[in-house]
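Undergrad: What follows is each chain in one-letter form.
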Amino acid sequence: MILAVGAPVFLGISRAPSRMVSAERMYDVMQGVTFAPGEVAMVWLDFGPNTIAENEPQAVVIIEHLLRRRVPVVLLSQYQQSERFLTRVPQEVAQRLEREHPGQTWRYGEDWINAGYKPGAAIFIQALVSAPDVAKFLGRDVTGMPIAHFPRFAQIGGVERVKLVAEVTGLVGVFDTVVQFFQKKGYRPTLVHGCTSITIPEAYIFLDSGQLNGLLEGIAGAAWYSEVLRKHFPASDNRDLLVTNTALSAAHIMIILLIALGNLIPLLNRFKRGRHG
Amino acid sequence: MEERNQGLSGGGVRRDTRALALRVITFLGGIYFFLYFITPESIIEGTKIKSAHEAISNGFIAVSSMAIGLGVINILMAHGSKFIFLKRGWQYSAALLLGLLIMIGSTLAHWMMTRHSASQIRDVQIIGDFAARIVEDAKLGAGNERSFSPTGVPELSKRVSALESYSLRIIEKIKAEESRVIKIAQGDLATTQLIRDSEQELLGLRESVSTLSANQWNTLDATNESALAQVSQRAAKVASSYAILKRKENGTKFSSRLYDFLYDGLFNHLGASMFALLGVYIAAAAYRAFRIQTFESGLMMAAALVVMLGQISFGKVIYEDMPSIRQWLLEVPNSAAFRAIRLGAGVAGLMLAIRMWLSIESAKSGGDKK
Amino acid sequence: MNGLEHATPAVIALLVAAFLLLFREFKRINKGFEHNIRRIPGVDAIEGAVGRCAEQGRAVSFTTALTDVGPVLYACLGVLRSIAKRVAQYKLKLLVPQYSPEAMAVVEDSVRDAYNEAGRSSLFDPESIMFLSSEQFAFASGYMGLLHREKPGAAFLFGSFAAESLVLSEAGQQVGARQVAASASPEQVAFFICTCDYTLIGEELFGASAYLSRDPIQVGTVAAQDRFKLIIVAIISVGVISATISNWFPELSWFKPLNLLSLGWEGK
Amino acid sequence: MDSAALWTSGSTLVGGIATLAIFSFLIKENGFYRFFEHLFIGIAAGLTPVLVLRDFLWPQIIDPLLGSTITHYPDGTTSERYQPLYLLYLIPIGFGLLYYTLYSRRHSWMAKLVIGFTLGASGALAIRGFFSEVIPQIVSSCKPLLVFESGGALALWESVNNALFVAILLLVLNYFFFTFGREGSLRSRSANWGRPLLMVCFGAFFGSTVMARLALLVERIQFIVRDWAVAVGSAVGIG
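Protein chains in written order, with our numbering: chain Y, 1 to 277; chain W, 1001 to 1370; chain E, 2001 to 2268; chain G, 3001 to 3239.
What the hints contain is simulated information worked out from the structure, not anything from laboratory work. Bear in mind the structure is a predicted one, so any value in this text is a computation, not a measurement. Just to be clear, a hint being listed does not mean it is correct.
As the list claims (entries may be wrong) - Derived list of chain G stretches under chain W, where covered just means 3 residues or more per stretch with a C-beta under 8 angstroms from a C-beta of chain W:
| no. | segment |
| --- | --- |
| 1 | 3004-3010 |
| 2 | 3049-3055 |
What the hints assert, rightly or not - Which residues of chain W face chain G? A few of them, derived with a C-beta cut under 7 angstroms, are:
| no. | residue |
| --- | --- |
| 3 | Arg1018 |
| 4 | Ala1019 |
| 5 | Gly1030 |
| 6 | Glu1296 |
Cβ coordinates follow ideal geometry from the N, Cα and C atoms, glycine included.
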């Protein structure tokens, strides 16, 4: 197993990832949303270290796309363990973008803010939705600065101005809460979702019903999304993700072989015994 | 004998009243959100509820977030005693307590640090806000200003001079700090450049502040207004670049380093590894456990195979349309079947929610021990 | 797309229906009405597994894994109680490994009840309800160890499971136990299906429990659920028909009964 | 090597050790593993209280209560009046503090009241959640069995898919009815047809879960054979 996975990683072998229709559609959705001045995107990072493998790449591609579009992003979470990712992911994306475009800057407080961990799940979200002023409702960011004092985020106003909501999570029930409560009369945000592979089959029923507008399917989805991004922003570099994805494919093959063996060998034995006895 | 019976029955009565109290409180816990939901928008809009809803919800969250101490107390009780009395496995309890305390400590320290610099940044922002507010209030006219003071809002000239002296004080403070930071960051071009820029902005601000005293401030005329507007614009610039500088500086402080180390060095790796074990289990089970014995499991494995091949980069090698077959399988049969499951589960959830809210549990199934 | 923050007339109607159904069922059952609950294959599997243990004189293990005190646990207890009764009758050994202390108290009571009901209260051994650990994987490895020691002839996995499900069910498979699982969470069902002899899916747990325990509250809830789901099925059927008709005969496309669901109080 | 780089490589080194410690569980449960496992539990437990305080209690409850959301201007005026209604926040705070009666035998029933209160709230919200989730689900399940292209010709593939979708949906729903139809009636006989259909769904779950679990493993192996190995190398290089 280690070998199957290690080889691509070590030699940096990377194959084009499998085509993920859902990821392509999601790119168009994210590209399609238009943001007037004062309107923002809200990104929920609800994953801890447990699902870092799948959720972090997803968070990266989503935030990367929004920052490339210069959309002001409000980051927050329903899950305390995502504390670190709320600060790290956008920082790293910003640094990468600045390397990619010398002279341009992506900065905290201008391009994104981090409202931190918000307890209360459903109660919090339904209050957020009915709040007259989102910036005021969110109070302070993690550094203790009132969010209303960041010029680009002061003018959000009601939740109607949150045009896009992204939910990246591997937890059961968290995504459901957003689907159920992030809406009010005459308002439903464009909702995109990065899910760990476990919940892919679940997410599809929400895609079908239009309650969910875009889906990243585990790491494969993130890999294909980064391919799509690269098509539109050729300078962007995503080799690491592709290597990971290739290693993952190798691991899949191993598993399939193991299952096959596990079923064939007993069968053969029975067949032999059948002949001798 | 007599007394004991009294006592027993008394206890029984108390238990009943408590059970009743529990039912009532549980009901009250739900009644607000229930009514909020079933009342039509149009009626709610009329009432004050809509404006208070935000605060009320916060109140609910406040109740449950009062539980934050429980986890820590439980750990301290369980592992603290183990550690103190050196019971078996005390060294593990020690590790646990260590993790707990370091985490609380460093996260608190990190918070305090950022809070402090946030308030410093705020001090700078106030220049701009205040300048803008002076204009706003003057336009609203004496008596109905937005600003508030028990002794009444002072007249224009007093406020402007207050603004002036305050701004000059802050500007000096920032100057001092920047000269300090520039020493720390020698070599780091980005930071030095930042400081150079903000020095320019500071000069700009000071200049526009000093023009204030030149004007007449008995009324708010066009020149006055533009002067104040300029101050607030430039102050905002200064504040934002000062904020950037502060964040850069904080990043290099020990408490941030430790904080990052605890998360990136320990917490994330430990958590990731714990669950990575599952990857090993599944690999092991693939050979041992996943036997296709029944028609059911055969059917399931077939579907699983399609999905697995469809989502990996080698899938296309085996069959060109693997990804699209996977897509179809997820979109049609899977979605239909899972939606049915979900609807069923949803209905079950609804009934259970109603039972939970009205505390309907059969005593036989231990409901009374809730 | 319109969102829902306050109930629409249709929602109120459905909500009222839900309340009425629930209380109607409770009332009927208290009056002594007997629902004939479908005997699902899962029940046969459960009884078969216990019977096998009786023949071989092997122990029976039953775990509610990570389930904490709540409706799901009560459903599991409905099943556990009937299993414990048979175990008591056949004088078999019962193993009930525990994860959460709160649940443990409730579980112990209902097992004791079962032994009493079977008239074998003397055979009840409190040790058989054993606390392993309240850490997911510590519990899993503890369970593994237990099964390898005791080699039960039947292992029942009922309740809410998470990532540890595979570890648990594989352990049972290795010691050759007849395994029946019931998972409230669909993510884990797949693993049970390929490692257990029979798997109850989702609400089947409630169905089986109602069938075995005949507990009025549980039976009433299941009955009410069935009737509410019937309403949903009816709505969907009407919707499908109307959608088909309006596709087939465009001149009839004004006929959209489904719009009633999203109709607001203002009538639009 | 400047301090920043030292800190990062340091955390990589420690991270690698931690990873290996956890993986040593695969050989057998050992003290090394238990130590790091407990460290993790401790860290995770330490996270919540501080974050709840920092990100919710402080900004949303205590700030308004203390009036620290109000700006004080240099001329002694404030941005707005203090809103005394915020004092009402003291009620939920006080009520919530009853949680801590758990630690007294005599008064622990009061903690049950708080728990009951929160349960009631979540129950009532779950009712709303059900409808806001399920109604769109129902609506989108009403797929036309016949789909025509703009030209008027029958779109066979779509029609078949829709019919399939509706059929599967209804059969599986039927599988989860328990109190209808006598033994042997068509409904109760048809009930079990739903099960094979469910298997396709669970196959999808199986395949996806395999990917999820493997992804975790791959990420770790990647970290060890790449980042950690490099860090160790450079560390040895230094020493």
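Undergrad: None of the hints should be skipped; say for each whether it holds.
TA: Outcome of the hint check:
no., hint, verdict
1, 3004-3010, "holds (count 4)"
2, 3049-3055, "holds (count 6)"
3, Arg1018, "holds (5 angstroms)"
4, Ala1019, "violated (9 angstroms)"
5, Gly1030, "holds (3 angstroms)"
6, Glu1296, "holds (5 angstroms)"
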